[in-house]
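> One letter stands for each residue in the lines below.
4 protein chains.
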Amino acid sequence: MEGPVFIENISNSFSVSSGITQVYHTRRSKFQTIHVVETIPWGRCLLLDGHLQSSERDEFVYHENLVHPILLSHPNPKTVFIGGGGEGSTLREILKHKSVERVVMVDIDEECVDVSKKFLTHHHNGAYEDPRVHVIIDDAKAWLENSEEKFDIIIQDLCDPVDDTPSQLLYTQKYYQTCKARLNPGGALITQDGPAGVTSHNMVFTAIHHTLSTVFPKVQSWKTAIPSYVDEWGFSIASTDDKYDVANMSSSQIDQLISERIGNPDTLKWYDGEIHSGMFKLPKVIRKALQEENRVITEDNLLFIP
Amino acid sequence: MEGPVFIENISNSFSVSSGITQVYHTRRSKFQTIHVVETIPWGRCLLLDGHLQSSERDEFVYHENLVHPILLSHPNPKTVFIGGGGEGSTLREILKHKSVERVVMVDIDEECVDVSKKFLTHHHNGAYEDPRVHVIIDDAKAWLENSEEKFDIIIQDLCDPVDDTPSQLLYTQKYYQTCKARLNPGGALITQDGPAGVTSHNMVFTAIHHTLSTVFPKVQSWKTAIPSYVDEWGFSIASTDDKYDVANMSSSQIDQLISERIGNPDTLKWYDGEIHSGMFKLPKVIRKALQEENRVITEDNLLFIP
Amino acid sequence: MEGPVFIENISNSFSVSSGITQVYHTRRSKFQTIHVVETIPWGRCLLLDGHLQSSERDEFVYHENLVHPILLSHPNPKTVFIGGGGEGSTLREILKHKSVERVVMVDIDEECVDVSKKFLTHHHNGAYEDPRVHVIIDDAKAWLENSEEKFDIIIQDLCDPVDDTPSQLLYTQKYYQTCKARLNPGGALITQDGPAGVTSHNMVFTAIHHTLSTVFPKVQSWKTAIPSYVDEWGFSIASTDDKYDVANMSSSQIDQLISERIGNPDTLKWYDGEIHSGMFKLPKVIRKALQEENRVITEDNLLFIP
Amino acid sequence: MEGPVFIENISNSFSVSSGITQVYHTRRSKFQTIHVVETIPWGRCLLLDGHLQSSERDEFVYHENLVHPILLSHPNPKTVFIGGGGEGSTLREILKHKSVERVVMVDIDEECVDVSKKFLTHHHNGAYEDPRVHVIIDDAKAWLENSEEKFDIIIQDLCDPVDDTPSQLLYTQKYYQTCKARLNPGGALITQDGPAGVTSHNMVFTAIHHTLSTVFPKVQSWKTAIPSYVDEWGFSIASTDDKYDVANMSSSQIDQLISERIGNPDTLKWYDGEIHSGMFKLPKVIRKALQEENRVITEDNLLFIP
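Protein chains in written order, with UniProt numbering: chain B, 1 to 306; chain D, 1 to 306; chain G, 1 to 306; chain L, 1 to 306.
Please note that a few of the clues may not be correct.
[Unchecked claim] Each computed DSS-like pair below joins lysine-lysine, with the alpha-carbon atoms no more than 25 Å apart: (1) G/K281 with L/K78; (2) B/K117 with B/K218; (3) B/K288 with D/K141; (4) L/K78 with L/K30; (5) D/K180 with B/K281; (6) G/K284 with L/K117; (7) L/K118 with G/K281; (8) L/K118 with L/K30; (9) B/K288 with D/K269; (10) B/K118 with B/K180; (11) G/K96 with L/K78; (12) D/K243 with D/K269; (13) B/K281 with D/K141; (14) B/K96 with D/K174; (15) G/K78 with G/K243; (16) B/K281 with D/K284; (17) G/K150 with G/K118; (18) B/K284 with B/K150; (19) L/K218 with L/K284; (20) B/K243 with B/K78; (21) B/K284 with D/K174; (22) L/K284 with L/K269; (23) L/K141 with G/K281; (24) G/K98 with L/K174; (25) B/K30 with B/K78; (26) L/K281 with G/K269; (27) L/K284 with G/K96; (28) L/K269 with G/K284; (29) G/K269 with L/K98; (30) B/K96 with D/K96; (31) G/K288 with L/K180.
Hints are computed from structural coordinates only; laboratory data are not their basis.
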């Protein structure tokens, strides 16, 4: 490697370097350092506090996982709340669902939203202009605590839990209780869970799963490799309904729902019934870790990615 | 990052750096540069020509994928040929199968085998001492062409196809024809296929799959994330029998076979019936690429990882 | 280090990384890859083929060394030829000398000149607008060979001699013979000589000095640390006059000439009589290497920085 | 760069990477992290808290500067105190002076001394065995405060002043007062002063010079490029005698003293009368900074390299 690169420290002892050709934005906002760079291996990328959040080449994998399984497993999702989500790709995917009438997105960092609108047009693809979308600049936790509005779906599209960052309180038991109280009957919440590979799942993935299961009657988790994250990434759906069972929806059921609710299946690049039918199958080592996990993340006992 | 690290160039525009505490071996053999280093994130690692081949922390994922699906899907595997395999972990996994009577491993690089025996005891775990094992220092291609021995299983445990390296001719149509001629009736071959993630599968994975399918009546492929490889990795099983169908073996069938042929299922850390039942489900984007692939790798038309 | 950086490979086994905040230009011209980046440690920098040529924070050291000793040691320099010099800082320094009436700068790479005019205003500081300046886009060697114009001073402001680059023929005995033929009586040539530190002087510095001494009756060399080059840098003045002796000009003589020919001494930041009086004193190890050097760089026997 | 390297962070925004072939030692002692590595560009190196202290290829430059000018400018140096100096190269140079009868070296880190004895034989070259040498493991400051012994020469061979490190109090006015009280009449102290290049001299170099000048009647400073330090390095001699004038000793005077007191001048690789006669000449920008400096480093007002 030589020339201009972006170095991301994945941990104290592991970093990755991507060739870049342009730095569009590099500034510390009120909450975090925001970089938008044009990389050679991943296209245009957003990085917060030095960590890659979204790459042009593979963000579709993350966002299709975050949005479609939960929306398709709900009988009729009309209202969606997004905690975080500043770059707009989660909005873009949600708006593909014809049933959705209202999306409230609460992101704490106005500068991040503005930078995304300006530089990440590939990512949001105009979603911010849709009349169903309502963007609020606030702390998601404070907003949910002070609101009386209820939602069918809550999507946690947050930075990983890292010490001294805005999202650190949004992976706790108390926050999940707040979310549960803001869900309509039959509603469900999804959160990204951080790294979930065979060597990284016990950082926070299994603990978030367990914390959710102390609040919700049913929690189901899976993981998907995101190349630009250099790991597999965890997702957990927590439902207010103990009969909820997204993991066992059949391939044909998913494909039919995509056809009915979204329309042209080519709208999605990664997700369909076939991949759905395999993605909840986890390797032994991770199933074992999920079973043995007993950490509960609370405001007094936070858990961070090292 | 600071202090001693190992930098691996994954491509011209993407590299990874791992903290290290010791360099056990660093020397160019007759065929390749061999490094054995103690890394902080991955434990002890073997690297050939700068590319990580095997890490103490996650090599089990690669080797369980390479060995158990093919051996369990064969009715009674007694004889196994390994092309490459110098570090000894493939041997270690094969020897867990009670049915196996003879393993012939042909690796071109004696220095690599010797370095592995000396420094990678965790990896081979004494497998080289087993009387069923026969290690031959030779070019796998030349040996197979000149041999009359036939095998139930052929395992290609090779470095990726890279220009001007010993393994470059071992991913070609002609080599696969040689292999087919050295398989017993009902026999099957497995090869690692290189990177197979959503952004990397069209480097060589889909082309190797397609090349195999010009020689064998049945080819089935999957991928698995290997954290230390910073990508998902492809595997393809090619069978001489067109009714062969490893992809549709049921979870309970696999678990029963593990019990009968290996014994204690705790011998395996990653693989069992549950993960088997999901692992052949590929995302849309990769299924589409497999269908559309039409490159055939021949000696006159080699294909390399860029 | 994390975030955006520029990595420069100084050699196969030594590289430096500078934090950057902006990439102004990154493109391969007809002759070389041109980068202009805003770095944190060095300010705005020009890099050619990945090698730093000029940094906002310390280019004054290089350019004051390249221009003032030779011009002040000439009795009355009116005409100056620059080989290379695209960024314009050498022009800027030359134009400080009231005696100079005409400067011909021949640079091979128009894109480099244009990029410098656009992004390196700090460096050229408007020098390109001076009516005494004549910029010609051509190969300096070809232009000198085909010209009949003679100069008082020739300044070689070139990239280092590296294999397969435009400047590789501009450090040869033949080229120096061409230059000598284009100097007026009493004229002198200066070239930058590449790295000249205690561990790097025998790459090319001593050989360039020796090659010059096969053509010119008097050659005097020195070195100066340039922080952004991460080494000391060599300079050699070759004179057509064997009584020429820049190395032994006194401190007061230099200061008086600066006053007479340039005016306000504060125009210069690094150079004056005091530093001049010490800068030709070299450490033993380098004096010994200069004495023992016997390599002559010819077109048939080029010498490159490894 | 690829393969094993050592990364040194020179500052927050500048790092250097050297290829390595071996890690001999990597451990945190009671005081600091100690690395001994075999590098390709610099040979065997000692690094403390990640910063290169001494490289096999160029340590002679640092140590000849640290030892010979001060010893040769003293009329008859018999006793020498070294603060720090664990690697043993300073000892090695001092012992070349026939007049020296006793050297007391006080280093705080026994593990650093032991590691140096074991792995840096090239550096100390057996100096630890000389009967004139007395090694004491202690804090140099505490030892000098509690001792009544006086010395002709005090040599500060310390790590740079960095926050929260053992050497942070050894660059203060108070410490220099302690040293002065432990010098015999006519005695002198030398300290390395940290980076002293055209872009780095105002970090600590000029402030150490100024702090010394508040304690001693005469302080003279110079700088020398040390390639493996990727900068020029400062040295200051402070004398108890206001008529002391090392900077103006003539070339022939130095050469004669080398001959008388050391013997064969080939014992030294970098230093002799010629280089001495130029090395105190500083560029304008640094002379100006020395004149304008008014920071005094005290225990209440420490100064660190950023």
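> Look at each hint and say if it fits the structure.
Hint by hint, here is what the structure shows:
Simply put, G/K281 and L/K78 have alpha-carbon atoms about 30 Å apart, too far for the 25 Å limit, and the pair is violated. Taking the CA atoms of B/K117 and B/K218, the gap is about 36 Å. The hint is violated against a cut of 25 Å. Taking the CA atoms of B/K288 and D/K141, the gap is about 41 Å. The hint is violated against a cut of 25 Å. The hinted pair formed by L/K78 and L/K30 fails the criterion: a straight-line CA distance of about 33 Å is larger than 25 Å.
Restraint check for D/K180 and B/K281: not satisfied, since their Cα atoms lie roughly 33 Å apart, outside the 25 Å limit. Distance restraint check for G/K284 and L/K117: the Cα-Cα separation of roughly 29 Å exceeds the 25 Å cut-off, and the hinted pair is therefore not satisfied. Under the criterion of a C-alpha separation no larger than 25 Å, the hint pairing L/K118 with G/K281 is inconsistent with the structure, at around 37 Å. Simply put, L/K118 and L/K30 have alpha-carbon atoms about 18 Å apart, close enough for the 25 Å limit, and the pair holds.
About 10 Å separates the Cα atoms of B/K288 and D/K269, which keeps this hinted pair within 25 Å; it holds. Of the pairs offered as hints, the one joining B/K118 and B/K180 is violated, with about 34 Å between alpha carbons and a cut-off of 25 Å exceeded. A threshold of 25 Å between alpha carbons decides the hint, and for G/K96 with L/K78 the separation of about 54 Å lies outside it, so the pair is violated. For the hint linking D/K243 to D/K269, the alpha-carbon distance of about 29 Å lies beyond 25 Å, and the restraint is violated.
The straight-line distance between the Cα atoms of B/K281 and D/K141 is roughly 37 Å, outside the 25 Å bound, and the hint therefore fails. Of the pairs offered as hints, the one joining B/K96 and D/K174 is violated, with about 48 Å between alpha carbons and a cut-off of 25 Å exceeded. This hinted pair checks out: G/K78 and G/K243 have alpha carbons roughly 20 Å apart, not beyond 25 Å. As the CA atoms of B/K281 and D/K284 are separated by approximately 18 Å, the hinted pair is consistent with the 25 Å bound.
A threshold of 25 Å between alpha carbons decides the hint, and for G/K150 with G/K118 the separation of about 31 Å lies outside it, so the pair is violated. Proximity of B/K284 to B/K150 is assessed by CA-CA distance (about 38 Å); at most 25 Å being required, the pair is judged violated. Simply put, L/K218 and L/K284 have alpha-carbon atoms about 21 Å apart, close enough for the 25 Å limit, and the pair holds. Simply put, B/K243 and B/K78 have alpha-carbon atoms about 20 Å apart, close enough for the 25 Å limit, and the pair holds.
The suggested pairing of B/K284 with D/K174 is violated, with an alpha-carbon distance near 38 Å, which exceeds 25 Å. Using a Cα cut-off of 25 Å, the hinted pair L/K284 and L/K269 is violated, with the two alpha carbons roughly 28 Å apart. Note on L/K141 and G/K281: the hinted pairing is violated, with a Cα-Cα distance of about 37 Å set against a maximum of 25 Å. Proposed proximity of G/K98 and L/K174 is contradicted: the alpha carbons are some 52 Å apart, above 25 Å.
The hinted pair formed by B/K30 and B/K78 fails the criterion: a straight-line CA distance of about 33 Å is larger than 25 Å. Restraint check: the Cα-Cα separation between L/K281 and G/K269 comes to about 15 Å, which is no more than 25 Å; the hinted pair holds. For the proposed pair L/K284 and G/K96, the alpha carbon gap of about 18 Å is at most 25 Å, so the pair holds. Distance check on the hinted pair: L/K269 and G/K284 sit about 6 Å apart at the alpha-carbon level, within 25 Å; holds.
A threshold of 25 Å between alpha carbons decides the hint, and for G/K269 with L/K98 the separation of about 43 Å lies outside it, so the pair is violated. For the hint linking B/K96 to D/K96, the alpha-carbon distance of about 50 Å lies beyond 25 Å, and the restraint is violated. For the given pair, G/K288 sits about 39 Å from L/K180 by alpha-carbon distance, which is inconsistent with the 25 Å threshold.
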